[in-house]
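Please work from the sequences and hints to get the whole structure.
2 protein chains.
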Amino acid sequence: MNRDYTTAIPDAWQNIAQVFTALGDEHRQRILLTFEPGERLNVGQIVEVSTLSRSAVSHHLKILREAGVLDSEKIGKEVYFWLNKKQIRESLVAVMDYLKTQ
Amino acid sequence: MNRDYTTAIPDAWQNIAQVFTALGDEHRQRILLTFEPGERLNVGQIVEVSTLSRSAVSHHLKILREAGVLDSEKIGKEVYFWLNKKQIRESLVAVMDYLKTQ
DNA sequence: TCTATATAACCAAATTTTTCGACATATTGG
DNA sequence: CCAATATGTCGAAAAATTTGGTTATATAGA
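Top line first, the protein sequences correspond to chains A and G. Under our numbering, read the first sequence as residues 1 to 102, first letter to last. Under our numbering, read the second sequence as residues 1 to 102, first letter to last.
Check each hint, because a few of them may be wrong.
Pairs involving identical chains hold if they fit within one copy or between any two copies, as the list cannot separate such chains.
Derived DSSO-like pairs (lysine-lysine); straight-line CA-CA distance at most 30 Å [unchecked claim]:
1. K62 to K100
2. K74 to K100
3. K85 to K100
Worth flagging that the hints you see were computed from the coordinates, not collected in a lab. All figures in this text were calculated on a predicted structure; none of them were measured in a lab.
Here you go:
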């Protein structure tokens, strides 16, 4: 039994935690599933299909971006978002690797 | 753009959502990291190393068990928990497979 | 420069989650 | 059966998250 509970989360897991938190919300999952392969969507498009207010969508996009699940770029007045597949994959692989040691 | 926001979460994702929610909490991550390879721990042992009350630990264990991240078995007075590696791996693989289509 | 538009930031209310103590249930040993 | 132990459940308080209106900022176009 590993007893150092309060320090048990390795550095490498800090971001993984964020990713899991980001993916653990139903609205955020729905947002991710709105993207078609390779697609980039701006905030207005996501608000359009969602059932939430613009501020709520903005909040969720911020969480997804800060976790690295989405990347974004401002083009003109609009901010476009897209799946950061590499980042998501890396988090999943890190947990897979941990499982292998268990 | 996939527009059916309200129905966008496939059946197969229902459990994945639970898994990510379960792994998205710091205390629950610490609990998982308390297990050494192949180890089974009872509630008392987990309470002992955690900084939470017994009921709070019980609450988190319930969430982890309902998500399938942990399995449990009652032996005498004690309930032993262990990592359900297969379940965790399946959820991760499901998301990996989704990423491949993106 | 002025206006319209897209988005982010802020803030307070609503909702959900977490937390813990008290109580309930189950099991073991005497 | 009774007492002690391990765990689960309930209910209320505390904390955190979510939500949406309002305000601020940036950009494009007239």
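- [ ] Could you place K62 and K100 in one of the four classes (within, between, both, neither) given a Cα distance threshold of 30 Å?
- [x] between (32 Å within a copy, 24 Å between copies)
Task: Intra/inter-copy verdict for K85 and K100 if alpha-carbon distance must be at most 30 Å - done: both (22 Å within a copy, 9 Å between copies)
TODO: With 30 Å as the alpha-carbon cut-off, assign the pair K74 and K100 to within, between, both or neither.
DONE: between (40 Å within a copy, 26 Å between copies)
Of the numbered hints given earlier, the model fails none.
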